[in-house]
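Each chain is listed here by its residues.
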Amino acid sequence: MRTLMRNVLAATLACMAMAVQAVPVELGHNGRPVPLAELADTKDPLRMYGANGQYSINIPVSKRESVKTAVLHLEGTNSISLMRERSQLAVRLNNKVVAQITLSPSQPEFAVDIKLPASDFVSGYNKLTFAASQHYTLQCEDPSAPELWSEINGQKSVLNMQTELKPLNPNLSDFETLIDPKLWAARKLNVLTPAQGSMDDERLGWGALVAQGVNLRMQYLPLPIHHVVAAPATSNAGRVLPGLDQTRLADADNVLIGTAQELAQYLNPAITQSISDSFLAVYPLDADPRRFVLIVSGRNPAEVRRAATAFAWLRFAFPQQAATLIKDLDPAKLKDYAAKGRVIEQGAYPFKDLGFVSRTVKGMGAESIELELNMAPDLHVAEDAMVEVELNFAYGAKMRSDSVLNIFLNGRFESAIALDNDQGGFFQRKRVKIPARDFQPGYNKITFSAKMIPLITGNCVLFQTDNLQLSILDDSTLRMPKSFHFTLLPDLKRFAQTAFPFSTQADGSRVAVVLGGYDSQTVGAAWSLIGKVAQKKTVPLWNTQITLNQPESERNVVLVGPRNALNAKLFEGAPWQPGEAWKVSYPAIEHDAEPRAERAWFTRFRAWAFGDLRTSLFAGKPEQTGMTLATGLNQQLVTMQYRSPLDSDYSAIAFTAENPAALWNGVSTLLEPDVWESMDGDVSVWLPGDAKPVTQFSGKRYEAGSIGMMGRLGYYYSFRPWLWVTLSIVLLIALAFLTRKLIRRFHQRQHAHVAEEKLDA
Amino acid sequence: MVERLVPRSNRALLYTWFVLVALMTWLLLSVNTDRSAQFWFAYSLLAIMFLLRKIGWHEKFRAFFLLTAAFLSLRYVVWRTTETIGFNGWPDYATAILLYVAEIYGITVALIGIFVNINPLRRKPVPLPADTALWPTVDVYIPSYNEPEDMLEITVRAAVNIRYPKDKLRVHLLDDGGTVQKRTQANPEAAAEAQLRHETLIATCERLGAHYQTRERNEHAKAGNINSAFHKTDGDLVLILDADHVPTVDFLENTVGFFLVDPKLFLVQTPHFFINPDPIEKNLQMFGRIPSENEMFYSVIQHGLDFWNSAFFCGSAAVLRRQCLAEVGGIQGTSITEDAETALELHGRGYHSVYLGIPMISGLQPETFTGFVVQRVRWAQGMVQIFLLKNPLFMQGLSVWQRICYFSSSFFWFFGYARVVFMLVPLAYLLFGLQIYNATMTDFLAYGLPHVIGVMLVSDFLFGKVRWAFVSELYELMQSFFSLPGIIKVLKNPRAPTFLVTPKGEHLEEDFISKLSGPFYLVYSLLVVGMVVGIWRFIALPEERSIVLVTMGWNTFNLILMNAAVGALFERRQRRSAPRMPANVAAELVLFGSGETLPCVIDDMSANGARLIVPEEKIPKARLSDQALLAVFNPALGRYTHVSVKIQNERSLDAGQVGMGIVFTDEHSIQRAEVVALVFGDSQRWQEYRQSRAQRVSIFQSLAFLSLLGSKYAFEHYRLIAREWFGRIWAVACQAGRRLRHGLLQWRNTFVSWVRS
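Residue numbers (our numbering), protein chains in the order written: chain A, 446 to 1206; chain B, 175 to 931.
Chain A with its partners taken away, still in its complex shape:
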């Protein structure tokens, strides 16, 4: 069940992410039509096959809100072979039928508006099921006949829900629902600091920790962090924050950070007095009780930092009270690369360690079983290395011999297991190999899709489908081959997938975030970005340096700021250096295909032997057009990755724009998953309003990580096998020559005067 929920959550989050492509996340889904394709995380129509076709999607509803109205606009098509008298589409909400539609062959296109009962929605995930009963005859029939189908247009069918936030009476234990990715309503979070004048690196660090705590609770969804400078109230009206001007805060959730002394002017004195250590408290916002304000404080900066760190780390329910003091904090000492469901290095990983729970699926249209795993971002494996999945699974007896278990990696078919044992049974350590190079850095999903067919089918035959069952057990293992932490950079795609190389150290102590200024837009952009990195890492980077000054040595550097505000020295080695003309190069022709003659076997052999097939990754770069432009950035956001000018063993990544406003706009939209995942090359340029950034590769590659001398040799010889063969033979010859020489000398020394016969073994 947990797995199911997790899968559903992932799918929902993903589709919600797709939904925000058109509308920024802060606006939410509330009151706006959301295509079912987005909720179902598919671009295909929602198809239902057979006599009992079904399709389900999940509709998230946060505990913080109540559904006022929900209207489902449904458009679809059915087969013209269906028999009107017996064919219908039932719409169920949480297993309760809310509508029925006749599927008529004479009117195969249908469009209806269905009002979903608001009272039937519950907090969490609501299952919306389309169940099609499809028949072509009144007599007995083949229930798997191919003409039994209908489909719902996922783009034109939309759900329009009106929700309303409930008034809050929050406790710290409610935080998992207060910051909730399921929220249908608009999401916005302000982080308030007391006064502009008091902003410094320490306060930047507090905000960064809070931003990470918030983003980690949002799981995969972005939540840009607005930095707001707290302003004193003109009248002391509030119960909690009588001294804070709340006019700008009413449409958002808020976090107020500062020492007790700094916050005293805003807080109820009783609250101020209770700050006797690291302090966390949550209250309804005086100006809007549907929103909360989190107070992160302490008597001194160290206590505030501890409170912020605690907020970032906490995974269990806080105490069921509005405020608490944190006496001590001992963050976990994790290994580098540690992350949720992470495959770090060579070895066997039981499924359960990756978060998988044993699961059984049933029937002809059985749901898929998914294994999610998080590959270390910089794993390098040999060309032909295989990841072995050793499945412990069972399936039912008397299934048709063409039943199979298809295995997909990230949606791509990789392998299959024939479920052709007539007696079914339990199978241990069934090996399936998947090329290790097919795995992408970071999130991967292995899908086990069972296609189980009854043994006896046909017209007028009673179908037995209860035997169509398959279980995959959590003691199955995934075996990672020999691998190194080694890759080539810059690679913004890898950064987008995994936040590499900023996510590798356990505590973020090798990361420095350098800001171009203390203005709220730059600060908000930096906090949002570091929150995103924490999301990718799945644990907070609680030792990261965030500063306006020169970063400490031996750190990967994140530069965030307007182009003219950042230290020009930090751009040394970047593909483009602010203030200078920008050298641009891009392919002269897209998809410049060249005809290739069929090659003879010896040409192919030579190609294999000398590695040109293997080096295709680096070869075939299309002709580039280069130009140098003396121009500014206007409203564009530029992201660049390059070797750190401060330390050649580290990387730098810069997020820069013409001014703070453009930077904030750019970053807050760049965080949208669809935009974020589109980064590539070493430079990405994004203009607000565009669906995806423009990317290019124009800098120099450099190596990140260590492959070791031996690994490097193996890596190199994989590309040049004949060089390896030749070198080995030369060494063997040299060794044999020396051995012979030594043997002769030994002979001369030991047996100089021995009369010998000719050797004749």
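Read the hints as simulated data drawn from the structure, not as lab findings.
Just so you know, nobody snuck in bad clues.
Example chain A residues on the side facing chain B (calculated, C-beta under 8 Å, incomplete):
1) I1178
2) T1184
3) H1192
4) H1196
5) E1202
No farther apart than 27 Å at their CA atoms in a straight line, the calculated lysine-lysine pairs in the DSS-like style are these:
6) A:K1186 to B:K234
7) B:K228 to A:K1186
8) A:K1186 to B:K298
The C-beta atom is built at its ideal place from N, Cα and C for all residues, glycine as well.
Given chain A's structure and the hints, the job is docking chain B onto it.
Below, chain B alone, put in the same frame as chain A:
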């Protein structure tokens, strides 16, 4: 150490060698390339090896050839160690480790074998100076325990025949069967038998001009016997001969010279040459058709050891320097292989050894498999004792190469473990489905098969002429079921084993099945069951077919070996006490009565008789007597010998020839000595015979040869079992029939009486 190996100027060469080895190792460990690259790499090296072999350059590029194979094996070890051992459950894991250890054992033995045999030293004898005054005095020791007197007489007679100044040669029969302890033992019959033996042998020695030696008590077995005599004699050198090891006349001429040119020499060892088949050869009828099992050791390995000054004492057919032996207190007795232990001790003191590859004794091997096992288990236990109690790797005074060589000699005897594992491991998968080798077929083709082919090529190159493929496997397999428990016993208590004398000269009156067959039946049955289950697996588990096929192939190979083993356990009768050895000597047979002279060729000879090939047309129609005189040039004596013979039988052969069986009839000591010199005294004859057997065949021919012989005699084996069982059933049935008949008769008589009454 380094200084001893190479002069200072050569040290750089040695260091460079080490650097290259390190580089190769480095290269080996950096093999994280893809499988296809590995595949091509391995088969490229093999192709070069095959090419060198084909064009006959593998001897010219011997070091390269051997190192390439070693490289392939080491590469396999690296891969095997790092990638193929996985945890698939405790039973699987334990079996996988057992197999891994067995493989590592095999590869270690193979690699050290390459080192040992990298440059065999094949010496020529060092001539003795013309002035015999310079020749050292020699005591010949013939230790005996329970060997028959006629066997001892031949050996003593041959020892006396040795060409050496009589004043410098003393032959001693060291009789442990006639000690005071034996003669006064509680059992009066045994005591009388010992007394009789004592007196008979004293008389024999006096008659032959030898010295009879015995002692008070039978302490420390053979070593104690020799040491007892050692203190009673004073020759400069000691020649030790087993009771059945009949020396040729030139033994001392060929060996003593080495002692004169090297004052630090303590040992000259010569090959043990056997004139009868061992039980496996005999039962599979292989004797004379393939090289004997011991040829590999005496024709190749000892030469390799000699190069590294590590040739060791094999208990007999060796000359030792008294002074050196005295320094270590005589023959050592910590282990039951006192010979190797003594050599180890003296090598540790910086003395040298020599191996001369000329066969100059002819001995007997055990007739029965039981005797063979007694002998081999003693060797295995003794060498393992040395491994444990005087481990050459840690013993002081040995050079690095001597440590390696002695390690090789003692470590080899753990083969029992490897053989049993290799035999049973396929069953672990076939019968129980255990996963013990985490690799795909492609992996195995890229790493495993090249290693196997490389080892076979090297084996063929080094030993092909003296050891056919898979013969080692058969012999080791047949010993392993008994040597393994023996080794385990030593491991538990290294000082426990006691010296058991190898039975020799036994007569087998009829065919029988060895009493040691039990374990073979069990394993054979398991292998057959494994094949059946394997076929079921192949049909029922389609996804496992490739691994099933490989495992069944392995199991089939084991079955072929086991078949041959079962065939060899069918003990064939052996009535002839004196084995005949081929000869090709021109002679003349002078017939008594008519005085006709028949030119003939001696086709084979034994201590008691010979077979002559005579042209049919020369044979007179009527013969007056079956007595004759055989005139033949005796190479051992350098003159003609005339021997009285009796014609036993005649048989027509092809090409107009007649085979004529004769027996030697002379009783006189001088003439018996002539016969012994004729039959056993010519080392050239043994040499030629050895060379005639040294022929190379392909691996497949060898496998086919063993398969055919194995099947044939395994069938005989089972037929005998069936006959015995059938016989028992028939006997029971007959007995029941007789009882029934008897009952019926009684009933009839009763009935008749009743009717009559």
